[in-house]
Amino acid sequence: MELSRRHFIEAGLGAGMVGTLGACAMNTRGADGVAGASGQPAWHLGYQNAPANGFEPEAMKLVFGKPPADLSGSLYRNGPAQFQYGDQYASHWFDGDGLIHRIAIEDGQAVHKARFVETRKRREEQTAGAFLAPGFGTLGDESYYVESSDDVNAANTSVMVVDGELLALWEAGSAFAMDADSLETKGPKVWRDDLKAMPFLAHPKVEPDGRVWNLAVGGSRVGIYRIGKSGGLEDFGMVDIGRAAYIHDWTMSERHLIILVQPWINENLRPPVVAGFEWQPQHGLQMLIVDKDDFTNQRWAQAPARAFFHTGSAWEENDGTIKFDVVLYKEPVLGVGGGAAEIRGDWTAADAGVDGVLTQVIIPPSGDARLIETGIIGEFPQVDARYRGKQRQLTALVSGTSPNRPGATGLSTQNWMTGESRQFEFGADRMVEEFLFVPKAGGSSDKDSWLIGPVLNLKAGVTEICVFDAGNVSDGPVCIWQADYSWPLGFHGTWA
Amino acid sequence: MTRTSSLIALIAASFVAAPLASAADLTVSVEGIADATGSIMLGLFDEATYNGDGSIDGATLVVEGTSVIATFEGLEPGEYAVRLYHDVNADGEMNTNPFGMPTEPYAFSNDARGRFGPAKWEAAKFVVEADGTAHTITMN
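Chains as they are written, first to last, in our numbering: chain A, 4 to 499; chain B, 19 to 158.
Everything labelled a hint here was simulated from the structure, so no lab data went into it.
Since we're looking at a predicted model, the values are computed, not measured.
Ideal Cβ placement from N, Cα and C applies to all residues, glycine included.
Treat the hints with care, since some could be wrong.
Claimed, not checked - With beta-carbon atoms standing in for the labels, derived distance ranges:
| no. | chain 1 | residue 1 | chain 2 | residue 2 | range |
| --- | --- | --- | --- | --- | --- |
| 1 | B | Thr156 | A | Asn271 | 31 to 37 Å |
| 2 | A | Leu272 | B | Glu97 | 32 to 38 Å |
| 3 | A | Gly111 | B | Ala108 | 57 to 63 Å |
| 4 | B | Thr156 | A | Ser223 | 36 to 42 Å |
| 5 | B | Thr67 | A | Gly235 | 26 to 32 Å |
| 6 | B | Glu65 | A | Ser223 | 34 to 40 Å |
| 7 | A | Arg373 | B | Thr156 | 57 to 63 Å |
| 8 | A | Arg389 | B | Gly50 | 45 to 51 Å |
Stated by the list, open to error - Which bits of chain A does chain B cover? Going by a derived footprint, with three or more residues having C-beta under 8 Å, they are:
| no. | segment |
| --- | --- |
| 9 | 157–166 |
| 10 | 214–228 |
| 11 | 392–404 |
All chains should be built: construct the whole structure from the sequences, respecting the hints.
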């Protein structure tokens, strides 16, 4: 049964959850979209600089519910956190320096700390007190030399832990190795001497047994990494996708890598990169399906033209049909102001572009792919890592939009077996970030998971870490920890 | 007319070779070499050849420590630039990753750096004087 988004907004309000959450917040900020004392709208809190040295370890306060006894580990997250030097704003949200957070959870306690990734871009811009490096939306200063993709690496998109090593991920340059405890930067990760400075996408896929797959994208040529669970490179190969499509994410079944070639093309990857994209819908959304055991064994599938950033995950049925979920847009949502306006605080609804819809893609053994839209408007789809590449029930994603500000307002799950979706709406004064699955102890399906993620509480002006029961998100949070401060909105995380 | 040598050979040669009165000599010192293996492959250019395929002269300098020296004798006084790479694995090629990004160290005269490509002539050029010039390049 598929229920409407409005139903859940009303259900959430009716259940009193939003009111309950509001009651435990200090009412120090204006309502959604209303300017506060700084002259900036309340939501701009999500796009303000973090302290230059990050955040020292600080215990968060339990302000709601009871932490699950079996929830023990660390939520690592990454996101841009340098948006301004003096009067100079960053040109694009995607070009802010990466700040790595660790929320360590044990015995019901949550402790937050964060450190910037010490890239060359970070070091030189901090010294100069100005933005210098070119980037996704930034032309850059002529004086800043660029000899390698890592000279412009912002290391700001995601994180991964392989065999205890924390990696800060970008998409157009190396992963940066970090100390998983201290969050100190070690330096660019070299998987093999001949692969120095090769791009490493921010969306690696980890098989349930720990083997990691990822892509290196350079125009129409795509490299494939296969990394053992102990962190050593097992194989690297190249495939050609025919066009210099924008690739931020991809997907994987047990037997295949599925590279989505969206018709958003950039033949000239010079800064600002965002200016070089061209929407060419006549090509449709093409998918290259690559055999994990033999990269030369490939086939193509075709779907109507769509743009995308993020997939959930894929599985294969007995007849070879591939099914996966992805948030699809009718046209690209960047390059029209999104990503630049937010950091100046002058975002308007016109910057939002088209909505992303959680969609299931069904690729039959032969013939065109079919798109089945769920009706859930959202982003950052996530699945239980135990079921990566396998048939599963759930995708969780942030959902809901506000006409008055950027960012999501709620959390949703889609059950692919029953067709049922569930949603929790936080209301207008909370900006909801990516939620990750954490398996419950002794569970037997992906419904037996916790969902954990940050929420920016605009009323209190602080960041909160919320935990939900993945099988019952519409019941509201299981518990909430609150920091005494806020940190900027991030992109992606991992649980380790 | 032009000779290249390692540091040891240069010191030995300096005792026996009298300078040519009408020729400008250039000594290029390359310092800060990370790995004592392979060779520094160095090319000398003038403005006409800098953005082309061929150098006006070159040197292969066996690396046994952290620095090497090349000498070029009998040059016309004027503007020159140097491009070099460290052939660490001694395969005679500047190795790149699959997307063409160099994976072996390289440098330009004046320690000039590139911006989405090699350092520009204007940044890398230096003057070889009639009475000889010494130029030092430090590897990154």
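A quick look at each hint next to the structure:
no. : hint                             : in the structure
1   : B/Thr156 to A/Asn271: 31 to 37 Å : 33 Å, holds
2   : A/Leu272 to B/Glu97: 32 to 38 Å  : 33 Å, holds
3   : A/Gly111 to B/Ala108: 57 to 63 Å : 59 Å, holds
4   : B/Thr156 to A/Ser223: 36 to 42 Å : 38 Å, holds
5   : B/Thr67 to A/Gly235: 26 to 32 Å  : 44 Å, violated
6   : B/Glu65 to A/Ser223: 34 to 40 Å  : 36 Å, holds
7   : A/Arg373 to B/Thr156: 57 to 63 Å : 60 Å, holds
8   : A/Arg389 to B/Gly50: 45 to 51 Å  : 49 Å, holds
9   : 157–166                          : violated (count 0)
10  : 214–228                          : holds (count 4)
11  : 392–404                          : violated (count 0)
The structure is inconsistent with the numbered hints 5, 9 and 11, although it conforms to all the rest.
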